[in-house]
Amino acid sequence: MDFPILSILVIVPLVGALLTLFMGGARAPKAKFIAAAFSAVTLVLAVYLLTIKPEDLADLTENYVWFKVSGVVKMNIIFQIDGLSILMVFLTALLVFLVVLFSWHEENNANYYHSLLLAMEVGLMGVYMAADYFLFYIMWEVTLIPMFFLISWYGGPRRHYSAIKFFIYTHVASVIMMIGIFIVVFSAHDGSHAVSFAFADVAANSALSEFMQIFVFGLLFFGFAVKMPVPPFHTWLPDAHVEAPTGGSVLLAGVMLKMGSYGIIRICLNQDIFSLAFGFWQPVMIGLGLFAMVYGAYACIAQNDLKKMVAYSSISHMGMVLVGMGCMSEIGIQFAIFQMFAHGIISGVLFMVCGIAGHNFGTRDMRLLGGMAGKFPVYATFMMFGFMASLGLPGLMGFIAEFGLLYGLWTYLAAHSLEWLIVFGLLDMMLTAGYYLWAMQKTLFGKLTDKIDLEHCHDIAKNEIAVLAVLCGLIALFGIMPSVAMDFITPYSSVLGPALEALL
Amino acid sequence: MELYEFAWLVPLIPCICFVLAGFIGHKTPQCGGLIAIAGAAAAFVMAALVSYGYYTSDLYKAAEPFVQNMDWLVVGKITIQFGIYIDTLSCIMMLFASFISTLIFIYSLGYMHDQEGRRRRYFAEVSLFLTGMLGLAVSSNYLEMFVFWEIMGLCSYLLIGFWSFNHEEAVEKSSAAKKAFLVTRLGDVCLMCGLFILLYIFGSLDYQNIFGSIEAHKDDVLLPFAILLMFGGVIGKSAQFPLHDWLPDAMAGPTTVSALIHAATMVKAGIYLVARSYPIFTQCEEAMVFVAAIGGFTAIYAASMALNNMNIKRVLAYSTLSQLGYMVLALGAGAYLISLGTKNGDANLIKLGTAGYIAGILHMINHAFFKALLFLGSGSVIHAVGTEDMRMMGGLRKKMPITAYTMLIGCFSIAGIPIFSGFWSKDLVLEAAFAPFHEGLGFGSVFCVLFVLGMITAFMTAFYMFRMWFMTFTGEPRGHCHGESPKTMTFPLLILSVFAILSGLVIMGNFGYYVARSLKTSMPTAGIFVEKGMDVVKEIFTTPATYVALVLAIVGIAIAFFMYSKKAYDPEKFDQDKKPLYYRIVAKRYYFPEMYNQISWKLGYGVAKGVEAIDKQLIDGTVNGLSNAVVGGGDGLARVETGYVRDYAAYVALGVLILMGIFAVIFIYGGGF
Numbered sequence: 001m002d003f004p005i006l007s008i009l010v011i012v013p014l015v016g017a018l019l020t021l022f023m024g025g026a027r028a029p030k031a032k033f034i035a036a037a038f039s040a041v042t043l044v045l046a047v048y049l050l051t052i053k054p055e056d057l058a059d060l061t062e063n064y065v066w067f068k069v070s071g072v073v074k075m076n077i078i079f080q081i082d083g084l085s086i087l088m089v090f091l092t093a094l095l096v097f098l099v100v101l102f103s104w105h106e107e108n109n110a111n112y113y114h115s116l117l118l119a120m121e122v123g124l125m126g127v128y129m130a131a132d133y134f135l136f137y138i139m140w141e142v143t144l145i146p147m148f149f150l151i152s153w154y155g156g157p158r159r160h161y162s163a164i165k166f167f168i169y170t171h172v173a174s175v176i177m178m179i180g181i182f183i184v185v186f187s188a189h190d191g192s193h194a195v196s197f198a199f200a201d202v203a204a205n206s207a208l209s210e211f212m213q214i215f216v217f218g219l220l221f222f223g224f225a226v227k228m229p230v231p232p233f234h235t236w237l238p239d240a241h242v243e244a245p246t247g248g249s250v251l252l253a254g255v256m257l258k259m260g261s262y263g264i265i266r267i268c269l270n271q272d273i274f275s276l277a278f279g280f281w282q283p284v285m286i287g288l289g290l291f292a293m294v295y296g297a298y299a300c301i302a303q304n305d306l307k308k309m310v311a312y313s314s315i316s317h318m319g320m321v322l323v324g325m326g327c328m329s330e331i332g333i334q335f336a337i338f339q340m341f342a343h344g345i346i347s348g349v350l351f352m353v354c355g356i357a358g359h360n361f362g363t364r365d366m367r368l369l370g371g372m373a374g375k376f377p378v379y380a381t382f383m384m385f386g387f388m389a390s391l392g393l394p395g396l397m398g399f400i401a402e403f404g405l406l407y408g409l410w411t412y413l414a415a416h417s418l419e420w421l422i423v424f425g426l427l428d429m430m431l432t433a434g435y436y437l438w439a440m441q442k443t444l445f446g447k448l449t450d451k452i453d454l455e456h457c458h459d460i461a462k463n464e465i466a467v468l469a470v471l472c473g474l475i476a477l478f479g480i481m482p483s484v485a486m487d488f489i490t491p492y493s494s495v496l497g498p499a500l501e502a503l504l
Numbered sequence: 001m002e003l004y005e006f007a008w009l010v011p012l013i014p015c016i017c018f019v020l021a022g023f024i025g026h027k028t029p030q031c032g033g034l035i036a037i038a039g040a041a042a043a044f045v046m047a048a049l050v051s052y053g054y055y056t057s058d059l060y061k062a063a064e065p066f067v068q069n070m071d072w073l074v075v076g077k078i079t080i081q082f083g084i085y086i087d088t089l090s091c092i093m094m095l096f097a098s099f100i101s102t103l104i105f106i107y108s109l110g111y112m113h114d115q116e117g118r119r120r121r122y123f124a125e126v127s128l129f130l131t132g133m134l135g136l137a138v139s140s141n142y143l144e145m146f147v148f149w150e151i152m153g154l155c156s157y158l159l160i161g162f163w164s165f166n167h168e169e170a171v172e173k174s175s176a177a178k179k180a181f182l183v184t185r186l187g188d189v190c191l192m193c194g195l196f197i198l199l200y201i202f203g204s205l206d207y208q209n210i211f212g213s214i215e216a217h218k219d220d221v222l223l224p225f226a227i228l229l230m231f232g233g234v235i236g237k238s239a240q241f242p243l244h245d246w247l248p249d250a251m252a253g254p255t256t257v258s259a260l261i262h263a264a265t266m267v268k269a270g271i272y273l274v275a276r277s278y279p280i281f282t283q284c285e286e287a288m289v290f291v292a293a294i295g296g297f298t299a300i301y302a303a304s305m306a307l308n309n310m311n312i313k314r315v316l317a318y319s320t321l322s323q324l325g326y327m328v329l330a331l332g333a334g335a336y337l338i339s340l341g342t343k344n345g346d347a348n349l350i351k352l353g354t355a356g357y358i359a360g361i362l363h364m365i366n367h368a369f370f371k372a373l374l375f376l377g378s379g380s381v382i383h384a385v386g387t388e389d390m391r392m393m394g395g396l397r398k399k400m401p402i403t404a405y406t407m408l409i410g411c412f413s414i415a416g417i418p419i420f421s422g423f424w425s426k427d428l429v430l431e432a433a434f435a436p437f438h439e440g441l442g443f444g445s446v447f448c449v450l451f452v453l454g455m456i457t458a459f460m461t462a463f464y465m466f467r468m469w470f471m472t473f474t475g476e477p478r479g480h481c482h483g484e485s486p487k488t489m490t491f492p493l494l495i496l497s498v499f500a501i502l503s504g505l506v507i508m509g510n511f512g513y514y515v516a517r518s519l520k521t522s523m524p525t526a527g528i529f530v531e532k533g534m535d536v537v538k539e540i541f542t543t544p545a546t547y548v549a550l551v552l553a554i555v556g557i558a559i560a561f562f563m564y565s566k567k568a569y570d571p572e573k574f575d576q577d578k579k580p581l582y583y584r585i586v587a588k589r590y591y592f593p594e595m596y597n598q599i600s601w602k603l604g605y606g607v608a609k610g611v612e613a614i615d616k617q618l619i620d621g622t623v624n625g626l627s628n629a630v631v632g633g634g635d636g637l638a639r640v641e642t643g644y645v646r647d648y649a650a651y652v653a654l655g656v657l658i659l660m661g662i663f664a665v666i667f668i669y670g671g672g673f
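For the record, the sequence lines run as chains A and B. Taken in order, the first sequence gives residues 1 to 504; the numbers are from my numbering. Taken in order, the second sequence gives residues 1 to 673; the numbers are from my numbering.
Chain A extracted, bound-state conformation (with noise of 0.2 Å):
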């Protein structure tokens, strides 16, 4: 094709960061305007990208040598897409245009926060489209400082220390996870051509001994991993979500995360590098997701303010992916990424409403907060929904993915003989439901509270309905019909997951 479209996916919204990066002082209540269009555009293209039949995908490859030193080593810029990314595409495009609807009264340095919202989304859609290892790592870590200033600027009154953790963690965690990228590329080098960090040039002469191909993995998991995050390397997640501001948290739990699943599937779930790996990880991968999926559920019970209940909720939701993913089988490649999916719109309306709560009634401490419905419909109306899409309601999105993860984990626990362990499964279903009618129960219903100020709080404005309104659309559309996800999704995991049930 000769229009490009993936590079320009990458470069509009380079362009209007900076644009909006220097638009300070009185121009920058005019950001917004510059960073809606810029983002209006890109969630044009990607929606366009959405309307391309599954098989006419590959044509898009975009394949550019970046610098080369010749028959030393080759650094591409390639840029693909397929079943797996192109949803991860769509969402980004989608949240990022939201949010700067969503926070189109931020005032505070506006031309800043946009140009980092936007930032962001260079660095996301680069991750979700590059097939080349360094190109991918290169733009991992480009996600990671427009975070970091969003968090440390923008956010709550322990924003430093959240940032600083924020850092630390996933810096430590990418550096390890490059030198397994590096041991990769350079194990599949064997001195007659040049280093090339292409995907498909790795995978097609990888030689990895079978105790590094598991060290590797290992490597590689598990950097994704605190990315995901997955207990017990996920203490960063809670307090960077606490602090950061709404549409950081939107986009750090909606499509941040989903950098950790992805990751996962497409680099460490490379049946050409790491096949004699699977066995040995893939009782690892089940098992941390089981254990993240009761342990984060846990937790949220444990809260008391509403987004960092929210926060773990997130792990919880997360260690589901990681159960589909650690099946290995067709099902649980295909829940995994419709649920990175699903997690995607509804964390981005959970975010939301308790960005909501913080900033409309002055706290997010359910402690300080009760009978909210009564006082303010609108409001509770998104919650409710919110909440009941996210503990898995049929008819909405959360359920279909939660019953094809599940029922992936049901198959995999009756081929390995150890069927109770669906237990854990059910029992993270039981408290999901738990934690979210309780904090239903104490911050929307029972009697009006008279701990905080009332006069002072307002329902929900014009803008933040709309933008609700079109995620809990979609979360409808999704729930009613799947297929219209499902059928971006299939004609990848019907590939990967077959492939990877014969290695197993």
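These are calculated hints, taken from the structure and not from any lab test. A few of these clues could be false.
Claimed, not checked - What the simulated footprint calls covered on chain B by chain A, stretch by stretch (three residues with Cβ under 8 Å from a Cβ of chain A suffice, anywhere in the stretch; the number is not a length):
#1 62-73
#2 157-166
#3 189-202
#4 602-609
Unchecked claim - Covered stretches of chain A (chain B as the covering partner; in silico rule of three or more C-beta atoms under 8 Å from a C-beta of chain B):
#5 298-308
#6 324-333
#7 366-378
#8 392-401
#9 405-412
#10 427-435
#11 445-457
Unchecked claim - As a list, the in silico SDA-like pairs of lysine to any residue whose alpha-carbon atoms are at most 25 Å apart:
#12 Lys-602/B / Trp-438/A
#13 Lys-77/B / Ala-414/A
#14 Lys-53/A / Pro-491/A
#15 Lys-77/B / Ser-483/A
#16 Lys-218/B / Trp-420/A
#17 Lys-447/A / Glu-388/B
#18 Lys-218/B / Thr-411/A
#19 Lys-398/B / Ile-495/B
#20 Lys-343/B / Glu-388/B
#21 Lys-609/B / Asp-305/A
#22 Lys-375/A / Glu-116/B
#23 Lys-399/B / Glu-388/B
Using N, Cα and C, we set each Cβ at its ideal position, and we do this for glycine too.
The hints should help you fit chain B onto chain A, whose structure is shown.
Just chain B now, kept in the frame of chain A:
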């Protein structure tokens, strides 16, 4: 086009009404009430047309279901569909659910009149509920059924919690709603696990596929687990022991909701699931003994709690539990008989088992009518006197005669007085429970005990229902009363009372054959055989058990009459400080609510606190400690909180440096420049 091909409209109509009432309800007359009523009525008409169309079709004659599917969800290699499955059972479910809903929606116009703008939410939610119920009835596979099953659960939650804010008892109301959702969720989670097993064994969740290939998989070791887990869903939804405790609390919702959801329709979803899954359930007779035992025990257990309750709605709630227990008992016994019948090739057992199935379904329908009648009657009373405490009522017969006498019909019906509808079905239920013992089958003694429990329950039922009636409508007036309710409320009472009298008589006609047709549809090889209607009636009147039950019921009524109307024995004596031990235990609901609280508190919040501590102390402690060790200086991570820009700028720079270093390494490793 045949009429039954429009069956998908039946759940769709209320769904459209849900959207309309939800978004523009406040702009229409009665705040969306008319929309909801029109939707329910249209759904009923549609259901009637579909049923008629199916009844007159060749499919009915050939005992085949009408199935229409479209692809919905791909799970790996399996495609799960979304569609409709019409047989006589789904027709019955659609008909009675939409009919009773229409009446209750009409009643709601009067009952909810003072709720102003809130009615919009009310009518939207009940319409969504009706969508769930009708969708469940026409679903063509288990996953689709589960979707509607849960939608009903959501509506139940929302409607129990109708007053969970802006209300003086908001805290109790919202707790009740939460409890209902969570307890039924426990059952739903089991059901979902059961579905996993079914999907794993059969590679499909389609009724037709599963029923068709059951023979090939009947010896699968996982099948009994699937059956028990599915029954777990029934226990939750139909509030059987030990997940019964949410239903009495669910009375916190408006009375119309109690009548619609917690008596007439939603709680029947569990019964429907058992009836629908007969081909699967009959594969494991031991599990069916368990099913029947749960039903029989729930019947007497719940009835015992109704004996001394002072809250008119709670008495009815316990009575609902007890009657649901009857239905589960009948269906369990029926499945047990069919199971052994097909194994031994004994046509008599199959005939008796089919009778049990018919008994369960008939009781479900009859109960829907008389319990909706009783609940709406109690709603009319509450509307007039403004309290639910029966001690504050009394002598209302004169002031609200229509309510009093229609409720009396309901009481006669549930007590099992001949001609009234409850008589027929309860008798058939008890007969089904007795049959395994009578036939000398294994577990006969268990069924004998269940039969005796059922008999005692019949006595208790008569007593507590008439206790309620006498306390409410006879004696001295003890409080203020507005007088008879408006016509929108009495009209549904009158209609329902007609059905409470007559709906049992269908057994004389072709009803049994019609119901059993659905079994023949799903189990074509079992040789389902049904007796003629009049033969069944003849049998009822020639069995001694019928007369024993009748005498017990009359004794129960008489005791209630002497205690609460004549005051020959003053029931107030129970209310003194020296209450008998048993009285106290029952009043405490056998300490079940406390037990639930303790367990959920310990297993939920207790563990959660532990997790929180691990998170804070162990993991974060280690991380902070490590960073201290690395950074040195003693307060490592804590120091960055001071927020000097140069500090974190330094960290960023450090990262970049590491990156550069690694760059260098690559190039050197790769041969250098």
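Okay, the hints, checked on the actual structure:
| no. | hint | result |
| --- | --- | --- |
| 1 | 62-73 | holds (count 3) |
| 2 | 157-166 | holds (count 4) |
| 3 | 189-202 | holds (count 8) |
| 4 | 602-609 | holds (count 5) |
| 5 | 298-308 | holds (count 6) |
| 6 | 324-333 | holds (count 3) |
| 7 | 366-378 | holds (count 4) |
| 8 | 392-401 | holds (count 5) |
| 9 | 405-412 | holds (count 5) |
| 10 | 427-435 | holds (count 5) |
| 11 | 445-457 | holds (count 4) |
| 12 | Lys-602/B / Trp-438/A | holds (15 Å) |
| 13 | Lys-77/B / Ala-414/A | holds (17 Å) |
| 14 | Lys-53/A / Pro-491/A | holds (10 Å) |
| 15 | Lys-77/B / Ser-483/A | holds (14 Å) |
| 16 | Lys-218/B / Trp-420/A | holds (22 Å) |
| 17 | Lys-447/A / Glu-388/B | holds (22 Å) |
| 18 | Lys-218/B / Thr-411/A | holds (19 Å) |
| 19 | Lys-398/B / Ile-495/B | holds (21 Å) |
| 20 | Lys-343/B / Glu-388/B | violated (52 Å) |
| 21 | Lys-609/B / Asp-305/A | holds (14 Å) |
| 22 | Lys-375/A / Glu-116/B | holds (16 Å) |
| 23 | Lys-399/B / Glu-388/B | holds (17 Å) |
The structure does not agree with numbered hint 20 stated previously, though it agrees with all others.
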